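J.: All the letters of the sequence shown, read from the start, carry residue numbers -23 to -1, 1 to 173 under mature numbering (1 follows the signal peptide of the UniProt record, and there is no 0).
Because the hints were derived from the structure by calculation, they are not lab data.
Below, in silico cross-link-like pairs of lysine to any residue (SDA-like), each with a Cα-Cα straight-line distance of 25 Å or less:
id: 1; residue 1: K46; residue 2: T71
id: 2; residue 1: K41; residue 2: D59
id: 3; residue 1: K41; residue 2: T72
id: 4; residue 1: K99; residue 2: I19
id: 5; residue 1: K31; residue 2: A94
All figures in this text were calculated on a predicted structure; none of them were measured in a lab.
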Amino acid sequence: MRLPQSIPFLALALPLLASAGAASNVTAIPKITKLTDLDSLITTFPVCDRKCTKQHYLDIFNSKTLRPKCATITGQKNENIDWRCLCYPENTDTTAGNKTIQDSYKKMSECDAVEYAKPECKGEHVDSGDYLDIWDEHNGNFAEYCMQRFGVNGTLEDREKLEEAAKSSAPAIAESAGPFASLVVVFFVTAFSSLL
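Between the sequences and the hints, there should be enough to build the whole structure, so can you do that?
T.: Here you go:
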């Protein structure tokens, strides 16, 4: 069975083991507006979840079963990551993919048990229903970010790069065309890319 390519990966990665802790207020989860290195995604999670969640994402993002065409990532600060590849996996074997995800969640659950035993994380654990709501919110935020940046099926030109290019060319245009030209360029590129 082949997974639909238009579904961002994290939307498929709902936890199977609801033992990890998280903030109990789903509305406090920040929207993802720009991803750079892996930590830019991990910092959207509560502090007590970050260590185990980071290892979980390293496991699934580096799995050749789940990500056969994506480059390996290390999780180092300022690492250049191909987010399009991570947003839109090409998993062709759902049985092996599901096992990889289950194994990773088991490791994350064991890691969380250690993290939540630490004094600074005691009392942060939430019940499984809230935990699933929180993961749903994170998955939805990631899926929304992927669609905004690369389109529904991941085939659009990278909108962040289009906006950066428009901003970098705006000063040269502004010098030759007047003070409002740079605003027009940024508006045009942003408006045009949203039509794609």
